[in-house]
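Counting from 7, one number per residue, gives the positions in the sequence shown under the working numbering.
Calculated from the structure, these hints are not laboratory results.
Note that the structure is a prediction, hence the values are computed from the model and not measured.
Do not rely on the hints blindly, as some may be mistaken.
[Stated by the list, open to error] Taking lysine-lysine pairs in the DSS-like style, the calculated list, with each CA pair at most 30 Å apart, reads:
| no. | residue 1 | residue 2 |
| --- | --- | --- |
| 1 | Lys427 | Lys242 |
| 2 | Lys490 | Lys228 |
| 3 | Lys417 | Lys468 |
| 4 | Lys228 | Lys435 |
| 5 | Lys411 | Lys447 |
| 6 | Lys10 | Lys270 |
| 7 | Lys242 | Lys435 |
| 8 | Lys417 | Lys447 |
| 9 | Lys389 | Lys422 |
| 10 | Lys201 | Lys171 |
| 11 | Lys435 | Lys270 |
| 12 | Lys74 | Lys242 |
| 13 | Lys389 | Lys468 |
| 14 | Lys142 | Lys468 |
| 15 | Lys87 | Lys74 |
| 16 | Lys417 | Lys406 |
| 17 | Lys148 | Lys171 |
| 18 | Lys228 | Lys142 |
| 19 | Lys270 | Lys468 |
| 20 | Lys328 | Lys242 |
| 21 | Lys10 | Lys142 |
| 22 | Lys87 | Lys114 |
| 23 | Lys228 | Lys411 |
| 24 | Lys242 | Lys417 |
| 25 | Lys142 | Lys422 |
| 26 | Lys242 | Lys270 |
| 27 | Lys228 | Lys201 |
| 28 | Lys417 | Lys389 |
| 29 | Lys228 | Lys408 |
| 30 | Lys411 | Lys328 |
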Amino acid sequence: MGIKELERYAVQEPHAHISINYDDGQGSYSYNVVEEALTEFERAMLEQVYEDMTHLLSLYDVPEDKDKPDFLSGKIAELIKNYEVPVEDSSLSKITYYIQRNIVGYGKVNPIMRDPNVEDISCNGYGIPIYVYHRKYQQNMKSSVSLDEEELDTLVLVLAERSGKTLSRAVPLINSRLPDGSRLQASYMSDISTKGSSFTIRKFRETPFTPVDLIETNTFSKEMLAYLWLCMENRKNLIFAGGTASGKTAALNAVSLFIPPSAKIVSIEDTRELRLPHENWLPNLTRIPELSREGEIDMYRLLRQAMRQRPEYILVGEIRGKEAQTLFQAMSTGHTTYSTMHATDVEEVVSRLQNEPMNIPLMMFQALDIVCIMVLTYTGEGKRVRRNKVISEVQEIDPKTKTLKVVDIFKWDPVKDRFDKTSESVILKRIMEQRGWSEEKLREELDRRRMVLEYMAEHNIKEYSDVFSLIQGYFTNPEAVLGKITGEGQSKR
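Given these sequences and hints, build the entire structure.
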């Protein structure tokens, strides 16, 4: 029993590391930021350089963000040289680290911001430990970092400024995005949040998930992804639904690699989360002014504009209002659409779409083909995981009962942590008829795509560009790709 360090890794070598600990007695994880300690001499030198540097920065034209660290390094070295006090290289390196951390970084929170394993950063007030959500452990962890009143008030103002917004007592709340694309929600002082200023940062992976990642994490099976690949290639409409942090957008981004490489794509989001490698892709973002509605460009307006651009595929980050009507109109007029929404099962998807504020008429549901329900849940062993709970097909409206017929095609078995096919697909049968295929040809097309996915998973091909290149190659010359796969398999035998 006791506290055990599970791992330690660098986020900014050699100055900042992260230590993940587990407390057997409490049954909890902790996230500890470990930075190089300063000697008394280094601390005194740091304070002097920081004071002089702050004055100097007001006199210089400071370059853009990407050049600021190098600019600061040069100025720090110049200042210390002028002091005519001998400073060792190791001390200069530490002093430079802390000044860069505080001026162009995010202060004490900077090591957390640099950690690619962190999904969410939550600060709930003055003197309260910051919490992080760790991707690897799928856990909320209390960190070793907390901020006093001055530190936290200053940081939320910096976050607001870097996201292009202004925080004040008059405007104490913002929802925005940071330069790296992370989503920011912040409140200023204690007028709104009684514990003081607060912020939540939703960070995004530097490289998006691929279908191979979904297989590796057992979020989807190869058979499910082969099914989605064939459906998406044949322009079937799809919605990913689930609760908060269930992986809806990550799954949408991953399966978007199945969109034909030359297709014209338009995406619409509040915050830039989707990242596609397709050249013929036009990303759009909404614009919400801080103090008035003048100049507002909402999702509804962008979606109507997108329909005039003759896209083959429309991707909407999340539907929650009247833009849902336009989305279903787009489906009904031949545009292939993919989106996400908050709902925990298919029944809730239908209910939310039919009621305020979306108000989708029942007859329009015939344009929707597939619903995937994502969950953040636990396995039988207590491990927290993301799973595609069910893939359902919207098949028809019963003319007698006026109800929607929805059939589950694949379901996740939580006891065995596996995916089972539960019904035959009407959507695949329609594709077969539209393409003039036999049942044998349909099975062959599914098997081929499953083989490509299996090959990438077995050979650990999961770099975003490599996965897209192989899928793109399959679209262009499937026989060549399959020949390579089967050839390598035979040579191993």
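So, going through the hints one by one against the coordinates:
Restraint check: the Cα-Cα separation between Lys427 and Lys242 comes to about 19 Å, which is no more than 30 Å; the hinted pair holds. Distance check on the hinted pair: Lys490 and Lys228 sit about 19 Å apart at the alpha-carbon level, within 30 Å; holds. Distance restraint check for Lys417 and Lys468: the Cα-Cα separation of roughly 25 Å lies within the 30 Å cut-off, and the hinted pair is therefore satisfied. This hinted pair checks out: Lys228 and Lys435 have alpha carbons roughly 20 Å apart, not beyond 30 Å.
Using a Cα cut-off of 30 Å, the hinted pair Lys411 and Lys447 holds, with the two alpha carbons roughly 27 Å apart. Taken as a hint, the Lys10 and Lys270 pair is broken in the structure, with Cα atoms around 52 Å apart against an allowance of 30 Å. Distance restraint check for Lys242 and Lys435: the Cα-Cα separation of roughly 13 Å lies within the 30 Å cut-off, and the hinted pair is therefore satisfied. Our distance criterion of 30 Å between C-alpha atoms is met by Lys417 and Lys447, whose separation comes to about 25 Å.
The hinted pair formed by Lys389 and Lys422 meets the criterion: a straight-line CA distance of about 13 Å does not exceed 30 Å. In summary, the hint linking Lys201 to Lys171 is supported, as the alpha carbons are separated by about 22 Å, within the 30 Å threshold. For the hint linking Lys435 to Lys270, the alpha-carbon distance of about 26 Å falls within 30 Å, and the restraint holds. Straight-line distance between C-alpha atoms of Lys74 and Lys242 comes to about 47 Å, which puts the hinted pair past the 30 Å bound.
Among the hinted pairs, Lys389 with Lys468 is consistent with the structure: their alpha-carbon atoms are about 23 Å apart, no more than 30 Å. With a C-alpha separation of about 17 Å, the suggested pairing of Lys142 with Lys468 holds against the 30 Å cut-off. Distance hint between Lys87 and Lys74 is fulfilled; the C-alpha atoms sit about 20 Å from each other, no more than 30 Å. The suggested pairing of Lys417 with Lys406 holds, with an alpha-carbon distance near 28 Å, which does not exceed 30 Å.
With a C-alpha separation of about 28 Å, the suggested pair Lys148 and Lys171 falls inside the 30 Å cut-off, and the hint holds. Only pairs whose Cα atoms come within 30 Å are accepted, and Lys228 paired with Lys142 is accepted, the gap being roughly 22 Å. A C-alpha spacing of about 25 Å is found between Lys270 and Lys468, which places the hinted pair at or below 30 Å, so the restraint holds. Note on Lys328 and Lys242: the hinted pairing holds, with a Cα-Cα distance of about 22 Å set against a maximum of 30 Å.
Proximity of Lys10 to Lys142 is assessed by CA-CA distance (about 17 Å); at most 30 Å being required, the pair is judged to hold. Between the alpha carbons of Lys87 and Lys114 the distance comes to roughly 27 Å, so the proposed pair stays at or under 30 Å and holds. With a C-alpha separation of about 26 Å, the suggested pair Lys228 and Lys411 falls inside the 30 Å cut-off, and the hint holds. Simply put, Lys242 and Lys417 have alpha-carbon atoms about 20 Å apart, close enough for the 30 Å limit, and the pair holds.
In summary, the hint linking Lys142 to Lys422 is supported, as the alpha carbons are separated by about 22 Å, within the 30 Å threshold. Between Lys242 and Lys270, the direct Cα distance comes to roughly 15 Å. Compliance with the 30 Å bound is thereby established for this hinted pair. With a C-alpha separation of about 47 Å, the suggested pairing of Lys228 with Lys201 is violated against the 30 Å cut-off. Between Lys417 and Lys389, the direct Cα distance comes to roughly 19 Å. Compliance with the 30 Å bound is thereby established for this hinted pair.
Of the pairs offered as hints, the one joining Lys228 and Lys408 is violated, with about 35 Å between alpha carbons and a cut-off of 30 Å exceeded. As the CA atoms of Lys411 and Lys328 are separated by approximately 24 Å, the hinted pair is consistent with the 30 Å bound.
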